[in-house]
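Q: Letter by letter, the chains look like this.
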Amino acid sequence: DTEVTQTPKHLVMGMTNKKSLKCEQHMGHRAMYWYKQKAKKPPELMFVYSYEKLSINESVPSRFSPECPNSSLLNLHLHALQPEDSALYLCASSQGVGGLDTQYFGPGTRLTVL
Amino acid sequence: SQKIEQNSEALNIQEGKTATLTCNYTNYSPAYLQWYRQDPGRGPVFLLLIRENEKEKRKERLKVTFDTTLKQSLFHITASQPADSATYLCALDMNSNSGYALNFGKGTSLLVTP
Chain Z
1 DTEVTQTPKH LVMGMTNKKS LKCEQHMGHR AMYWYKQKAK KPPELMFVYS YEKLSINESV
61 PSRFSPECPN SSLLNLHLHA LQPEDSALYL CASSQGVGGL DTQYFGPGTR LTVL
Chain C
1 SQKIEQNSEA LNIQEGKTAT LTCNYTNYSP AYLQWYRQDP GRGPVFLLLI RENEKEKRKE
61 RLKVTFDTTL KQSLFHITAS QPADSATYLC ALDMNSNSGY ALNFGKGTSL LVTP
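Quick note, the sequences are listed as chains Z and C, same order.
Using the numbering used here, read the first sequence as starting at 1 and increasing by one per residue.
Using the numbering used here, read the second sequence as starting at 1 and increasing by one per residue.
Quick caveat, the hints were computed from the structure, so don't treat them as lab data.
There may be inaccurate statements among the hints.
[As the list claims (entries may be wrong)] Taking CB as the label site, the calculated pair distances span:
1) C:17 to Z:72: 29 to 35 Å
2) C:59 to Z:110: 27 to 33 Å
3) Z:53 to C:114: 47 to 53 Å
4) C:58 to Z:7: 36 to 42 Å
5) Z:77 to C:114: 43 to 49 Å
6) C:40 to Z:65: 26 to 32 Å
7) C:81 to Z:100: 41 to 47 Å
8) Z:84 to C:17: 37 to 43 Å
9) C:46 to Z:84: 37 to 43 Å
10) Z:9 to C:26: 34 to 40 Å
11) Z:59 to C:68: 26 to 32 Å
12) C:113 to Z:15: 41 to 47 Å
Yeah, the Cβ is synthetic: ideal placement off N, Cα and C, and Gly gets one too.
The following block holds chain C by itself, in its conformation from the complex:
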């Protein structure tokens, strides 16, 4: 069955450092991979999408890599700030005969301390 694995442990880092979050997947051949941010009690917010033929994508302090050989995506936040504290979810399209939908990983909780 299709699986998406993200670091289950919370990640605690100091302000100003780079946070690196991991998303591994099995039994998928995704053409796209998406990253979302979720704050407690709120809906997820889209951050970045990367295509299978893109090795890296950047947006401001965010960087995503996508290695289809390793079946892994890395999500980096450089110069992290306490406001970056949230849960980060990776998402892949589901293997559904009925149509397209997203399957989310469990998410990694990031805490940035001053």
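The following block holds chain Z by itself, in its conformation from the complex:
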């Protein structure tokens, strides 16, 4: 299984809602990532988990809260988001965290904040 799955595919939420994005991989990868991508822009790194520990947080606002319950699962908890947070949220995984480790991406969750 060489797939990264993400749910839901689409999410519409109000600014006062709390929701979660889910990502799963069964490739035995030890690193997992969250990216945010706006239209016609490159993926922008948000968080990196390495061996289930948060290793990089790219100064992301606290209204985004990541969680890695186990090595196969990565969540992104959303609370009190702003309309400008509307974007495609991509999850990725890699074998390790080195230069030779290519990343496998999921299809993304299209988030709209009203």
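With chain Z fixed as given, assemble chain C onto it according to the hints.
A: This is chain C only, laid out in the frame that chain Z set:
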């Protein structure tokens, strides 16, 4: 600061021709450089990785070159097909004290017409 530059203009070519995409970088000394393909509304898909001591890498109709003196990588698709139409992203490892992660260029949109 570290910068990755890719042709911002879309590249339109005729089927059967060779497409050449450029990735330039500044303030990096990467040991590896990666190329990804992204289709609209989907996550990027890994294509090729090239090491700093490799001048050229090939995979089927794809060829990547890496010139660390010019700080440039070229990505070629020979005998291009309409199915090659997509956005192509180059990626380098980020300069992060917290660990390893990828930094993506803005991507070049390629359109191959019959």
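Q: Each hint should be assessed against the structure and marked as holding or not.
A: Verification of the supplied hints:
no. : hint                      : in the structure
1   : C:17 to Z:72: 29 to 35 Å  : violated, 43 Å
2   : C:59 to Z:110: 27 to 33 Å : holds, 31 Å
3   : Z:53 to C:114: 47 to 53 Å : holds, 50 Å
4   : C:58 to Z:7: 36 to 42 Å   : holds, 37 Å
5   : Z:77 to C:114: 43 to 49 Å : holds, 46 Å
6   : C:40 to Z:65: 26 to 32 Å  : holds, 29 Å
7   : C:81 to Z:100: 41 to 47 Å : violated, 29 Å
8   : Z:84 to C:17: 37 to 43 Å  : holds, 40 Å
9   : C:46 to Z:84: 37 to 43 Å  : violated, 29 Å
10  : Z:9 to C:26: 34 to 40 Å   : holds, 37 Å
11  : Z:59 to C:68: 26 to 32 Å  : holds, 30 Å
12  : C:113 to Z:15: 41 to 47 Å : holds, 43 Å
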